[in-house]
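Sequence lines, in order, name chains G and S.
Going letter by letter, the first sequence gives residues 1 to 173 in the numbering used here.
Going letter by letter, the second sequence gives residues 1 to 184 in the numbering used here.
Hints in this document: simulated from the structure, not taken from any laboratory.
One thing to keep in mind: the hints can contain errors.
Said to hold, decoys possible - Here are some, though not all, of the chain S residues that point toward chain G, as calculated from beta-carbon distances under 10 angstroms:
1) TYR29
2) LEU47
3) ILE49
4) SER62
5) ILE76
6) LEU125
7) ASN152
All C-beta atoms, glycine included, are put in the ideal place defined by N, C-alpha and C.
Chain by chain, the residues:
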Amino acid sequence: MVDSKKVKAIRSKAHTNENMSGCSQAVLAALQEGLDIGDVQSLKAATAFAGGMARRGESCGALVGALMALGLEKGREKLVDLPRLQSTIADGYTLGNEFMRRLEKEYAVKKPLPSTLCRDLQQAIYGRSWNLADAEQRTDFINSGGHGDDGCLKVCGIAAEVAAEMILKKRGS
Amino acid sequence: MARFNIRFYQVYAMDEILIKEIRRRAHFYDTYSGCSQAVLLALQEGLAIGNTESFSAATVLSGGVSRRGETCGALIGAMMALGLVEGRRRMNDTSVYAVACSEGDEMAKEFQRRVEKEFGLKEPLKTTLCWDIQKGIYGRSFDLRDTEQRNNFYACGGHGDNGCLKVCGIAAEVAAERLLPKIK
């Protein structure tokens, strides 16, 4: 059993952090703080991943922030450490799958998600996607609730929760 | 004036050498697998940025984010270097975040163009997703989570000098060109 109180606090923090925009950093900052991992350098490195990699609609920034926390916890510190790379990538894949399942459940989406691309998550939640690099479309996304408690803030909370559970479970706490 | 010009060209030549060395290292480092870390390490060493923490954080982002075929891990490594140079230290510094996102998008577009050019792609890349880059280069994509398909990818040269290693070199070069002037 993991410390559910701690997991809940991390989820809540990621959700709140996302009010300041930048899903990848919102998730990573909550995990770094809650699990005592990483530093300001790792946080800075996650700056440009929001909105599916610099608002490109590609890989979900919240998931990437969660995966960076996994890397901080048990990632490869030296290039030659191939066993560490292999085992951590397998965990990363599991984390991504669990994130997808949790999104499908919490948003009660009608069809299974085809990927963890930002644009696919938007499609499943809102029935359409927006080009977040375009200021007008970004405003429309925000006006449609994209940045509300049931939008990206919730997605950030889910990503942080899944990562926190996995990391704490591995720690045995 | 003449002295100024000589100095200018000396600096320019040194920058060119450094950028080429960063590209060479990223290419070589990917022989150890893990495109995101290969690119990031070359940039961290070449530009004297980041640390072991930032390097570790990039571990599971290769193969299009844990081999999911999504955003190219080499590009992600390059964008992490961008964050290290001019990223947000505190969540409430939203203006820094907005600028980094715009620059990240520009970097991704340049990476996309350079991949199209260096690989002589017949059609422009639609995205910077790993599976789209694979389609552009090999005419098909591989599910890198599947051992058999991953071995097939290697057999097609996916991890050779004209595969991911070259993509890593391009990502590192594009990032180095854009970031070097910012750290001076």
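| query | Against chain G, with CB atoms and a cut of 10 angstroms, does the hint on S:LEU47 hold up? | reply | 13 angstroms, violated
| request: Would you settle whether the hint for S:ASN152 is holds or violated, based on the nearest Cβ-Cβ distance to chain G being less than 10 angstroms? | output: Cβ of S:ASN152 sits 18 angstroms from chain G, so the hint is violated.
| Interface restraint verdict for S:LEU125 against chain G (beta-carbon cut-off 10 angstroms) | Violated, about 12 angstroms.
| query | Was the hint right that S:SER62 lines chain G, CB cutoff 10 angstroms? | reply | 7 angstroms, holds
| message | Can you verify the interface hint for S:ILE76: is its Cβ closer than 10 angstroms to any Cβ in chain G? | response | With Cβ-Cβ at 7 angstroms, under 10 angstroms, it holds.
| field | S:TYR29 as an interface hint toward chain G, with CB separation required under 10 angstroms | value | This interface hint holds because 6 angstroms falls under the 10 angstroms limit.
| query | Given S:ILE49 as an interface hint, is the shortest Cβ-Cβ distance to chain G below 10 angstroms? | reply | 8 angstroms, holds
Consistency with the previously given hints fails for numbers 2, 6 and 7, ordered from lowest to highest.
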